[in-house]
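Novice: Letter by letter, the chains look like this.
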Amino acid sequence: MADLQLLLSFPPDDVAKLSNKKYDEVLRGYVQRVDKLPQSAFLKQVNNQNILELLNPAINSIAYLYTLVEQVKSGSKDKNRLTALLDCTVIFLATFDPVQIRYSTISDVWLDLTTFAITNLHDLTPVTTALLRLDPSAGTFTTVHLRIVRAALNLGTPSAALPILDKNIHSLPTTPIKQHADEYLCDEDAVFITSKSGFTGKVAPEFLLEYYLLGATIYTALRQYSRARLFLEYVLLTPTTQHSASALQVEAYKQFALLGLLAQGKGYPLPRTHDSSVTKNIRACCKAYDALAESFEHRDLQKFRAEMETGMAVWHEDGNLRLVRECEQALLKWQVLDLGKRFAALPIGRVAAHVGFGDQEVLGWTLELIRSGQMSASITPADSGEAGDAVLRFHDTTAGKVGGEDLAAQTARIEELVKYIRAADVRLQLSKEYVDYAKRQKKLGPDAGDVIGDQMDLSWEGGGGIMGGSSGMGSTGFMGPISGGGGGGGMGLSGRIEGLDDGDEGGEEDIMGNY
Amino acid sequence: MASKNSARSPAKRLRQDSSSPADNFNLPAPTFDLDTWANNYDGALLPLRLCHVAIHCPSLSRQAIGLAISHAKRSKNVRQYTHLCDLAGQLHFKDLGTPDNDWVSRQEEGNKRELSRLEGELRGYKNNLIRESIRMGQEDLATHHLITGGPPPDPNTVQQLGGSGYSVAYQAFSKTRDYCTTPSHMASMMLRLIYTALLQAVSSMQAGGSSGGNFANTISNCSRLRSSGVKAEEQVKLEPIAAAMSGISLLGQGNYPDAATTFLSTPIAYNTLGAVHGTDFGRAVASANDIAIYGGLCALATMSRQDLIDRVLGGSFRAFLELEPHMRKAISLYTTAKYKTCIDLLRHYYSDWSLDVFLGAASSSVGSSSHVDVLFAKIREKSITAYLSSFSEVSLASLASTFPPVSSSPTAMEEEALGLIESGLLDARLDVVNGTIIAPRKELRSGTHGDAARTAEDMERMLLLRLHKVNVVMAGLEVPKPKNGNWAEGGFYQ
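Chains A and B are the protein sequences, given in the same order. For the first sequence, the working numbering begins at 112 and goes up steadily by one. For the second sequence, the working numbering begins at 746 and goes up steadily by one.
In short, the hints are calculated from the structure, not lab data. Remember, it's a predicted structure, so these values are computed and weren't measured experimentally. Heads up, some of the hints might be wrong.
[As the list claims (entries may be wrong)] Derived coverage of chain B by chain A (criterion: at least 3 residues anywhere in the stretch with Cβ under 8 Å from a Cβ of chain A; other residues may be distant):
no.	stretch
1	1171–1177
2	1202–1215
[Stated by the list, open to error] Simulated restraints, written as ranges between beta carbons of each label pair:
no.	chain 1	residue 1	chain 2	residue 2	range
3	B	Asp-1196	A	Asp-500	34 to 42 Å
4	A	Ser-483	B	Arg-1186	20 to 28 Å
5	A	Asp-500	B	Thr-1193	36 to 44 Å
6	A	Thr-384	B	Ser-1134	35 to 43 Å
7	B	Thr-1193	A	Arg-394	35 to 43 Å
8	A	Ser-483	B	Gly-1169	24 to 32 Å
9	A	Asp-500	B	Gly-1169	52 to 60 Å
10	A	His-385	B	Ala-1014	53 to 61 Å
Where is the CB? At the ideal position from N, CA and C, for every residue including glycine.
Starting from the given sequences, assemble the full structure and let the hints guide the process.
Specialist: Set out below in structure tokens:
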């Protein structure tokens, strides 16, 4: 009973009047006490009711969470019990109080609950909505993200992961910098998903890569080519230590090569900022795909088919067989589309001659292409009734849709992105390595010049540079600190490389070429 | 008289039209008289020029060969003489083709004696170590080589056909470099080098070899000539030669745009130079009239209408064009959009120009189209594009009437138009069903919108990628280096 009282003791009745500071204090104390409760406290029944029924998930979120997790962990194999718990979980995930939950990070309760939900639910919507409830931008990568994507694929409902995938990742969990005295977790903009908080397990680089790779596969299947391209480029451009390459990057490159063919008839150009030795290594593993792409770009169907046959084992092993077959279809489509660049109208007979297939077949395809909207043209059947004499007339494609709203939406997205970039910049400036670098620059004098790093010119808005508000040193370049010391800074922050703590000189110099 | 055009399509991409092979060798008679024309030139290049005429124009063959042989006999070049006799034999002019062996052996003797004499003198000078004499001696030796076409081929050493003799001369001239003391000497040496290189180029072209290297030599020497640092009054004389010769070499290499600009910058003084350092380039290589033709054709083939009006008709090149009024007429016809007349006029002189040794040379080792053919094709393409630019829709029939198609197949005009579209020169679409060419209406507004959307998308993507990179580095999540060997196992998240 006393435990129940304890559990119900938060929030107090005058919660609305509490200042952030007081709220923070009270909640912290509460959580610590709850955490200390033994497991039995959550399991026993009070007045023959499960504690869960006495707690309101929206108000006593933390208590509810703890209770729920303990009951799940108690490992009852009873099917009904599990279903009941699942229902409670769903209710919880839909109604919890996000701010309170930020404080639940002393133990891994959140993670446990989400894992339980993901492994047992067939419909992932509650989990995705929960993540979005916790953080509407869902932009800080956590291991939960990866679990959701995997589960979605395993369940055969890839689109279930879309609400999460659609949100751009704008930060990764890092060790929190010392919080200022007046920053609280319950603040509006607090950063509460950190590597120490219980919202994510330890993130390893390959998780991030896997997330993006799986995401790209989903988008390709949904034919959202530009988003798939973005994800693949994320994987390919992930920085590596000393030009090593990940096998996931190799896989990504394979898909990347084929994606461009599908989407625009020729391969996507490699992003400008790629690491050339890494790309060289990656491409060395993907010769078959490059050959395929080349024969596609020359619109050489025979050669493409030949390459396809030769590489059958490769595609099969990589799981890309269907993608390659789609490319084959796409090749035919692009051959016809190419004609649109040269002709305004021509009879189907000539199209067939160009493509190398029979009139009737070609007529069928072109009709299909027009109907599915991939080609803007029209077919007038001939008087003679011959398929070969029907006339294919291409429409003017430069008169595209005037997407005024699209532009506005895009501008809004870019503005939001800028906000996150600012946050990242702030974090960067507070990193130890950068502070040391700045100190040195100051010592050397303002004419030391900044030859290091290229300036990322974000000054597209009316005012000065994006970093105008930051300190003078800070605004010299978004990338400046990175090449100088950010590499070392990154390492130092997560403390993965020993012995860098003292040597700023050593650390920076040998990291110099790395980024 | 409008010469019967070769039925072979002058299409730039040398599509093998099966209707007739190398009609280059069957040119009808030109509009000029061979004798008067030949009197404009002298030096070692004249027989080569006549050779070219003989090979390519059957009606003038006999006359040309005869002239060439008599000219060669007056010079001391035995090799050239024998070569010409052989050529005459190949062209079935047996009477001309019998070499005068007497003269041959006498001349050879004379050459050898002269050669040893000069070498002896040179050795003497070298012993005396008087630079100026060594230089002059070396120059005389080299000139001798030039005049005699180089020493007879040594069976022990491997040599190329045709050009080997002149390469000895070239090297000999280069040796004088060490003994040149004043810029004037340098200029003189370079002039000789230029002349020799051009001779080499022409003779190797005629022998079927490639001449790119020789042309490149010429160009480099010309540029050195310009910066040789001689006094102003001498520079005035050297400048036209440098410009003209580098123009010819650029033309020989097929670099028509640069050739055009170089020719346009040639001062008109070229016409009145006379002998500079012993050689009159106007007679030895190319006269001012030739320069006018070369420059005019190249300009017409590569420059835009506005440029033609400003720089060619309105600039200093106009003085050259006065020498060849028909060229000027052709250019002004083009600029006033009278394409049909312009092309007909050019066709009229096709034979003349093809018989010129520089213009009529093969433009590449593949196929047998000459520079003239290539230039004509370019001019035609440009005219068609210019003609179409003022219409939104043109029927193929009217296009064919303005620009008579070159081959007689019914789809010739269509194929030509297709070729232009595919190569990107013509921005239009072909309507095969109605037989028209349609210029696309550019929707600027939606086009700009589309561009803006694309740029925004790219910008967003780039920002996201950069952010990703920064985050990964800050979080220390780069792909780690494998610790043991080349591969390392990654983690698997349960």
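Novice: If a hint holds in the structure, say so; if it doesn't, say that too.
Specialist: Right, here's what the structure says about each hint:
| no. | hint | verdict |
| --- | --- | --- |
| 1 | 1171–1177 | holds (count 4) |
| 2 | 1202–1215 | holds (count 12) |
| 3 | B:Asp-1196 to A:Asp-500: 34 to 42 Å | 38 Å, holds |
| 4 | A:Ser-483 to B:Arg-1186: 20 to 28 Å | 26 Å, holds |
| 5 | A:Asp-500 to B:Thr-1193: 36 to 44 Å | 39 Å, holds |
| 6 | A:Thr-384 to B:Ser-1134: 35 to 43 Å | 40 Å, holds |
| 7 | B:Thr-1193 to A:Arg-394: 35 to 43 Å | 37 Å, holds |
| 8 | A:Ser-483 to B:Gly-1169: 24 to 32 Å | 30 Å, holds |
| 9 | A:Asp-500 to B:Gly-1169: 52 to 60 Å | 30 Å, violated |
| 10 | A:His-385 to B:Ala-1014: 53 to 61 Å | 56 Å, holds |
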